[in-house]
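Trainee: These are the residues of each chain, in order.
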Amino acid sequence: MIRVDEKGFYGKFGGAYIPEMLHPNIEELRDNYESIVASEEFQQEFQLLLRDFVGRPTPLYFASRLSETFGAKIYLKREDLCHTGAHKVNNTIGQIILAKKLGKKRIIAETGAGQHGVATATVCALMGMDCTVYMGELDIERQRPNVERMKILGAKVVPATSGSKTLKDATNEAMRQWINNPVDTHYIIGSVVGPHPYPEMVARFQSVISEEMKWQLKEKEGRENPDLVIACVGGGSNAAGAFYHYYNTPDVRLIAAEAAGLGISSGKSAATTVLGTPGILHGSKTILMQTEDGQVVEPHSISAGLDYPGIGPVHAHLFDIGRGEFVAVEDEDAMKAGILLSRTEGIIPAIETAHAIHALNMIEYRKDDVIVINLSGRGDKDLETYIKWGGY
Amino acid sequence: MNRIHYLFNNKQERVLSIYFTAGFPHLDDTIPVMEAIQAGGADIIEIGVPYSDPIADGPTIQDSNKIALENGMSMKKLFEQLKGFRAKIHIPVVLMGYLNPIIQFGMEDFCKKCKEVGIDGLIVPDLPMQQYLDEFKSLFEEYGLVNTFLISPQTSEKRIREIDENTDGFIYMVSSHSITGAKSGISKEQITYFKRVQDMNLKNPRLIGFGISDAETFTTASSYSHGAIIGSAFIKTVKDSKNLSEDIKNYLQSVLKN
Numbered sequence: 001m002i003r004v005d006e007k008g009f010y011g012k013f014g015g016a017y018i019p020e021m022l023h024p025n026i027e028e029l030r031d032n033y034e035s036i037v038a039s040e041e042f043q044q045e046f047q048l049l050l051r052d053f054v055g056r057p058t059p060l061y062f063a064s065r066l067s068e069t070f071g072a073k074i075y076l077k078r079e080d081l082c083h084t085g086a087h088k089v090n091n092t093i094g095q096i097i098l099a100k101k102l103g104k105k106r107i108i109a110e111t112g113a114g115q116h117g118v119a120t121a122t123v124c125a126l127m128g129m130d131c132t133v134y135m136g137e138l139d140i141e142r143q144r145p146n147v148e149r150m151k152i153l154g155a156k157v158v159p160a161t162s163g164s165k166t167l168k169d170a171t172n173e174a175m176r177q178w179i180n181n182p183v184d185t186h187y188i189i190g191s192v193v194g195p196h197p198y199p200e201m202v203a204r205f206q207s208v209i210s211e212e213m214k215w216q217l218k219e220k221e222g223r224e225n226p227d228l229v230i231a232c233v234g235g236g237s238n239a240a241g242a243f244y245h246y247y248n249t250p251d252v253r254l255i256a257a258e259a260a261g262l263g264i265s266s267g268k269s270a271a272t273t274v275l276g277t278p279g280i281l282h283g284s285k286t287i288l289m290q291t292e293d294g295q296v297v298e299p300h301s302i303s304a305g306l307d308y309p310g311i312g313p314v315h316a317h318l319f320d321i322g323r324g325e326f327v328a329v330e331d332e333d334a335m336k337a338g339i340l341l342s343r344t345e346g347i348i349p350a351i352e353t354a355h356a357i358h359a360l361n362m363i364e365y366r367k368d369d370v371i372v373i374n375l376s377g378r379g380d381k382d383l384e385t386y387i388k389w390g391g392y
Numbered sequence: 001m002n003r004i005h006y007l008f009n010n011k012q013e014r015v016l017s018i019y020f021t022a023g024f025p026h027l028d029d030t031i032p033v034m035e036a037i038q039a040g041g042a043d044i045i046e047i048g049v050p051y052s053d054p055i056a057d058g059p060t061i062q063d064s065n066k067i068a069l070e071n072g073m074s075m076k077k078l079f080e081q082l083k084g085f086r087a088k089i090h091i092p093v094v095l096m097g098y099l100n101p102i103i104q105f106g107m108e109d110f111c112k113k114c115k116e117v118g119i120d121g122l123i124v125p126d127l128p129m130q131q132y133l134d135e136f137k138s139l140f141e142e143y144g145l146v147n148t149f150l151i152s153p154q155t156s157e158k159r160i161r162e163i164d165e166n167t168d169g170f171i172y173m174v175s176s177h178s179i180t181g182a183k184s185g186i187s188k189e190q191i192t193y194f195k196r197v198q199d200m201n202l203k204n205p206r207l208i209g210f211g212i213s214d215a216e217t218f219t220t221a222s223s224y225s226h227g228a229i230i231g232s233a234f235i236k237t238v239k240d241s242k243n244l245s246e247d248i249k250n251y252l253q254s255v256l257k258n
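Line by line, the protein sequences give chains A and B. The numbering of the first sequence is this note's numbering, which starts it at 1 and goes up by one. The numbering of the second sequence is this note's numbering, which starts it at 1 and goes up by one.
With the rest of the complex left out, here is chain B (with noise of 0.2 Å):
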């Protein structure tokens, strides 16, 4: 079984997904990150597979992907440092990549390695739903990788509907119309459309993205949905840390208690 589909089967609540960027802030600290968020309490892993014109993410994001990629990390070179992983890491492992670096890699190998070493799930953000269904959705599912897609406030009811059809791991709210670490806090209007997508009664788990920091955003986020994911401030906790671990546990845990 899809280490997402047993996640989802025996938790439906305060689910947490870390995103952290394949080879930041060192290049060989992408399997120390995945050990230490997992260590410190977190359901999912989310590699952000760096790139050079990332334009869903904001500056925080897109600043490590710089140095991700300066630090010389590559599909390459994320595939041989997973190479193994899972002889430490069992929670479920999604990676997040826009679509070029996947199609130079070429989809299909790209799933393959992705089955190979032990990769659950993906995210393509610049991948769009018909794309995904004419071209690449029988790939995905050969391999065993769940598709992710992502949702919006701006996106139509008749839309998140089709979306839920056409994925089977959990869908992704971006909780208000924002590029990823553009505001903090949870306005009303973000209460409103969360709950708007709660009453559709949708087959997949839903996670909250973008805007989620600390306890109160994560608690507040996890009672409309199974749960939420945290990019921007875990990349800015690791960013200058002298003890990947240490911070990493201490970090989670505050956003954990209660």
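Here chain A stands alone, though its shape is the one from the complex (with noise of 0.2 Å):
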């Protein structure tokens, strides 16, 4: 069974590692917010938002030209008509709600793509809380359109300056601020990370996914059960939500796709499997790209969502147990498969989705096995991304 245990463990990852500054924090949030989701008022409110302003559920969509270039049945989890345009929103919602009921005042959050702090600033914005959303300075760069959209939704956006300023170090600043502002504020993490109860916490409230795929498939074609899915990982939110139902399925093959950058012993890479060992980051054990030393190395990849070190205990778990299948898609690789879901499909991708998309060409499947790919955010916010690399 994969499962997160009391202590937080999937087999050997997850825990809360954190300063006792956090203490309290992640107490009152593991002490109660189990209590507070499974309320009758805490799902009223969530599925009610879900539906009217996230526009759920998301449809799932026969990809009839990609099946035929790739002689498979594929789908297209459509998390990417999201309001705000990814799977983001999901978890967002979830956590502004649980943060109010917890008679929090304040949000933070740290974002890579942009793609959580725009969901994060979003249901702030909805729910007239203050919002300040810690970013890296080199993806406040290369996402600027997502930086604007967060300041006409209200939102403060503070660069991190450290280290490689990508996610990695958002994510160090907002624990930090976390840290100064214990009482009266709620961080919102975005992806399958962090101390417990967070990985848990985030994938259930994406596991909404695949509880809609399971439904959906069986309307379609008359099984719940896809033969594989696929989904990108960067911390894994989006395909912790993919996968979420089918984890003790075993006939149901799990594929994720992390970001080889510009190529695996290419010093510039993000594939945390394949470079990492087991070790703590980020208040979670979990598998990391770190030196002999212990130090977190700096990722590399061209989408902003899966430049970073680590990934989701839940994730490390599958990896080590082998219930995953990994792969890691280059950067380049990753931008084709953006180029042809466009052109097959009339779909641009997110670049961390296009790497799930290529994830097709590195696996092997049967000709009529039944693929869901979840489609976790459009491209919109990469375009500046996709004029440079120019390749279309």
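Mixed in with the good hints there might be a few duds.
Straight-line C-alpha distance at most 27 Å; calculated DSSO-like pairs for lysine-lysine [what the hints assert, rightly or not]:
(1) 165(A) / 236(B)
(2) 165(A) / 66(B)
(3) 66(B) / 268(A)
(4) 239(B) / 76(B)
(5) 137(B) / 115(B)
(6) 239(B) / 165(A)
(7) 137(B) / 113(B)
(8) 188(B) / 105(A)
These aren't lab readings, by the way, just hints derived from the structure by calculation. Computed from a predicted structure; not experimentally measured.
Reassemble the complex: the two chains are provided individually, in unrelated frames, and hints are given to aid placement.
Mentor: Here you go:
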């Protein structure tokens, strides 16, 4: 069985390795989130907002031209059609309702590609809560439109200027700010990373993805289970959502596409399961890219959302026990896959998502296999990167 | 007897602990800085093991960690530098380091090395109490290392009592709910917190850290505890120093004057 235990571990990975100063915050969350989330009041508000504000359920779309190209039955789970353009909002809706019930007044968040930042700024505007988003300086440059979207929504965007100036550093900064403001502030982590209970909590809010996939597939194919589910993994929130209800169905292959950057051995990569080893990152035991001395290695990916040196503990566990199949997709191949999807299906995907499309070229499958690719986000935010790349 | 126990057996007030980052400002400054701290009259030396992602530290210490790593500092290098330091340094020395580099070195090897070179205690800010008890306590004890826990104004009385129960060195009181170097001066709320913990009659001595920078803050903190820890303000002192031993001595004298 793949499930989190009471100490927050998935097998060997997880837990809560946090400074004592964060203990009261994490304890408050851990002790309250399950009962709050299980309450009818929470569920009513959550479901209503997912339907009327986010636009759920998102379609499960049969991609006929893509299917022809690859010789399988390929469905796209259209998370790109969520309000704000990616799956991230499923989690922020859940956490903002939770924060309100916990009596918090202020929200902080980290962001990589800016999708989680936008999704957080959006729900803060919706609920009238103060919002500060930490974002790596480098990401601020390459994701300009999302920075401006956050500002339009009334959020404050604070650059993280340490280290590689990307997602890892934004996460460090958000944690520091939470230490400094422990009482009135809730930290909305955007991925299945961080100390327990975050990884499981975020996965649960995202699990609506595979919950819908099941009944939608039943309608279209007469069966709940596809042969394969493919998703990209940075920290791994969209993958966790897409895998969640299939974790314990071994017949469904779970394919996780990591970012190989300029190549596994280029020194500019974010392929955590290939290059990483067990250790501690951002409050949990997981697999991360690090030196022999235990210093965290600065990752590289053309997609800001995958530019992270670790993976969520649940993914480390899936990798460890062989339940998940991990492939590492290079920048160039991801960009080409983005163009391919644009031209075969009329959908410009986020560059993160394009990694999942390219995974089709890297794995074996049978001709009649039913494959669901989680189309986690749309490419609007990446136009500048597409333009700079220019290969279309 | 562990030097930390010996110290607190003989001194219960105005204990001064100084934090600095190993290999900062230059790789080979570790031992000279330690000598200067001892010569300046401090009671405890806290050696920070630099880490790429120090989430409990503010900009000043982050920066010193980064520079130390760029200088080539590592756990291995640090233990090489510390070999034989006990010939010169007799005051208690504590290593402060984040958990990941320690785990990669190997917890047992790490504890063994600490004992070998003459380290008295450890502060691992991201090692939670439960994990310590479950996985590492017996190792720390085997190698005679005192473990120090942090508490903050948000730490409940129940948890403070648990922490007091599970340590036998000193308790590190974070003075505001803050990362290192975040605020200066001591507020009324902080004093309320200092008094509250003072009145709990804990078995362990208490040192107040975070936000202590000069004679005034040191004296105020010391009047509600056994003493205080200075980190960021000390790092600032050594950062651009042209004469480490002189500048450190002057700084410590300015803090210790009554």
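Trainee: What's the verdict on residue 239(B) and residue 165(A), does the C-alpha distance respect the 27 Å limit or exceed it?
Mentor: Holds: residue 239(B) and residue 165(A) sit about 23 Å apart, inside 27 Å.
Trainee: Straight-line Cα separation of residue 137(B) and residue 113(B) no greater than 27 Å?
Mentor: Holds - the C-alpha atoms of residue 113(B) and residue 137(B) are around 16 Å apart, at most 27 Å.
Trainee: Is residue 66(B) within 27 Å of residue 268(A), Cα to Cα?
Mentor: holds (20 Å)
Trainee: Between the alpha carbons of residue 165(A) and residue 236(B), is the straight-line distance 27 Å or under?
Mentor: Distance ~23 Å between residue 165(A) and residue 236(B) Cα, so the pair holds.
Trainee: Holds or violated: residue 239(B) and residue 76(B), Cα atoms, limit 27 Å.
Mentor: holds (23 Å)
Trainee: Does the structure keep residue 165(A) and residue 66(B) at a Cα separation of 27 Å or less?
Mentor: Satisfied, since the Cα-Cα distance of roughly 13 Å is no more than 27 Å.
Trainee: Tell me if the straight-line CA distance from residue 137(B) to residue 115(B) falls inside 27 Å.
Mentor: holds (15 Å)
Trainee: Given the hint that residue 188(B) pairs with residue 105(A), test it: the Cα-Cα distance must not exceed 27 Å.
Mentor: Within the cut-off at roughly 24 Å; holds.
Of the numbered hints stated above, none is contradicted by the structure.
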